[in-house]
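Colleague: So you can see what is in the structure, the chains are spelled out below.
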Amino acid sequence: MRLQLKFVIYNALSKALIIGAFALLLPAIAEQVVYKHIDSRLEARRDLILKKIKLGGLDQALLEEDCSFDDYNIFKEEFISIQPISNDGAHNPDSSVFSNEIWNIDEGNQQEHRVIRQPFLYDNQWYELNIGEGVSAIEQLKRTIVTFSLYSMALIVLISVFFDLGFSRLLLRPFYLIVDKKLRRTNSPMQFHFHKIKSTTYEFAYLDESIDNLMKKIQDAFNIEREFISNVSHELLTPLSILKSRLENIVADPSTPEHVSLKVMESQKTIHRLSRIIRALLMISRIENEQYLKDEKAELKSVINEAVDELEDRAQSRNISISQQTENFQYQPCNRSLIYTMIFNLVNNAIKYNKDNGSIDISGKVSGNDYVLEIKDTGCGIDKSQIEHIFTRFKKLNKDDDNSFGLGLPIVKTIAEFHRIDISVQSTLNEGSTFRLVFRKSTV
Amino acid sequence: MTVLIVEDERSLSHEIEIFLTKEGYHCDAAFSGAIALQRIEENSYDFVLLDLGLPDTDGLLVLKEAKAKGCEAAFIILTARGHVDDKVKGLEMGADDYLSKPFSLAELQARMQAILRRKHGLKSNTLQIKDFVMDINNRTVHHNGNLVPLTKKEFDLMHYLALNRNRVLTRMQLIEHIWGDTMDEEYDSNFIDVHVKNLRKKLTAFAPIDWFETERGIGYRFNLPGT
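Quick mapping for you: the protein sequence lines, in order, are chains C and Y. Residue 508, in this note's numbering, is where the first sequence stops; the numbers in between run on with no holes. Residue 502, in this note's numbering, is where the second sequence stops; the numbers in between run on with no holes.
Hints listed in this document are in silico derivations from the structure and should not be mistaken for laboratory results. Please read all numbers here as calculations on a predicted model, not as lab measurements. Check each hint, because a few of them may be wrong.
Computed footprint of chain Y on chain C; a stretch qualifies when at least three of its residues, placed anywhere within it, have a C-beta under 8 Å from a C-beta of chain Y [as the list claims (entries may be wrong)]:
hint	stretch
1	288 to 302
2	308 to 319
3	338 to 344
4	349 to 359
5	375 to 382
Derived pair list, reagent style BS3-like, types lysine-lysine, alpha-carbon separation capped at 27 Å [unchecked claim]:
hint	chain 1	residue 1	chain 2	residue 2
6	Y	Lys427	C	Lys419
7	Y	Lys428	C	Lys440
8	C	Lys429	C	Lys365
9	Y	Lys297	C	Lys419
Cβ coordinates follow ideal geometry from the N, Cα and C atoms, glycine included.
With these hints in hand, go ahead and build the complete structure from the sequences.
Modeller: Take a look at the structure:
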């Protein structure tokens, strides 16, 4: 789930929770406020009536207040009643009691009222004054408040979701910029650009800086490796070059006896082998070190043709037939000479590990956006247990073959990885192998 | 022909000098970039063999400075550094060729001859091998006007032997010239013999080729004294 969405959902939920809690509490608060209000009104009324009784007598007060001695009401919502009570017991004229009571007003019509009870002494007789006010209005008020707050809550949450979406998108923009520009579009650490991505958010600036620092470290490591490869290359190849030149001079010298020349020839073989291994290893290291550019186009059909042409004589010498059914495909961006080396090595292997009078089928097909190249030989095949090792450096497949240095396929693998070409092998022992390459159409 | 060998590795410089001197070149040696530039200024060379990894400076800078001073020598870069873009840079800066170490002296000599032919702008770039005429530009061989049908590899083989005439080229030297690094020395060292055999057969069909000599177990030679 996207952070933006999570953020918005969290915000909406927390708002709903707060508003919901408020909505739940609101009726109780409202009730408190309303009762307080009613109570003070009832008290004022009580004081007024008691005053009238004191001044004009009970009858006068009853007349004026338009209420009965016994039970009387005008509206259902409120009533005043004065009832004589027994003179026994202690009645405190200073204490009044508030309570909620159900009063029977009309026939069968019961209503809840807020009632104040006030005992008073008149003509040596104790009376109780009851003033009541209907509270059904309060319930209605409570319901209104809850409904209103529920609707407004929903509205507020909706509006806030809308704003949160916009705001969080704005907030997260630097993050997506960092990921896109600094990580996704960086194919190799050496192509990394150290430009700050503007953000007022501390965390994103921190992330940006951390990525820059990491990349700096990787670039430094790459540069150290590059330097190392260059040094190794120089330190190994220079003495080899001296040896090679010296041996050539010995052979070229007419005074060198034949048996010495023969030895020298053998030494040339060894030097050739040594320089081949060193060059292959340096090539792998350089590819892994991103020293090769990938800025060319390759017409795969013509690359395959070139490799086959170059190897035709080797195939012919062992009477191996090569059949080619290749569609063209423009592969880019790539390093053409590396692509050539990769295909050359595969075809070379198909010849090398083939049997005499064998055959090689090369098929290249455009498949959707991809290009599938298959090189199928009728050679010795690879044992199942060995297949996972064939791309490992210096792994010999045939123990009796002294010259399989196992660098041809590691180079193929390295070049394929460098170009993100999928490579897979299918093989049956003594029947042959098929190497399958899938070139993906670049999305860049 | 005069050659300046700019190479800080003295043993290598010495071996190159021995080889080229035998070929009739006059050789000077410079072990640093500064001395190289000084020599270039004082003398006019036909060739400058330039190592890139010099102790005092980058060989490419020597090339740049020499070119800026109007040096007309042909530059061949010799390098063990092998930066991927060294070759491109070197050629862009006006170098005529590029050999990465370890290179073969026979190869160096052949490249130098190729540069000479190119520089002198020979319209008909041909090599006369007894009765055979090799057309380098069209990559054909004729005998008395009749085309000798050679494959690409056979032509390369004959051309290389012709450029290194009167000297035995070992099978390894021939293999390296024709197939470079891609050859397994044991797997294919007899393979060159097949090509030589085919080449001989095709040439013999036109004229006797007693000058095409075999040094048993070692290699082959075009024995053409006086040419």
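Colleague: It remains to establish, for every hint, whether it holds in the given structure.
Modeller: Hint by hint, here is what the structure shows:
no., hint, in the structure
1, 288 to 302, "holds (count 6)"
2, 308 to 319, "holds (count 7)"
3, 338 to 344, "holds (count 4)"
4, 349 to 359, "holds (count 4)"
5, 375 to 382, "holds (count 3)"
6, Y:Lys427 / C:Lys419, "holds, 25 Å"
7, Y:Lys428 / C:Lys440, "holds, 26 Å"
8, C:Lys429 / C:Lys365, "holds, 10 Å"
9, Y:Lys297 / C:Lys419, "violated, 46 Å"
Violated hints amount to a single one, hint 9; each of the other numbered hints is respected by the structure.
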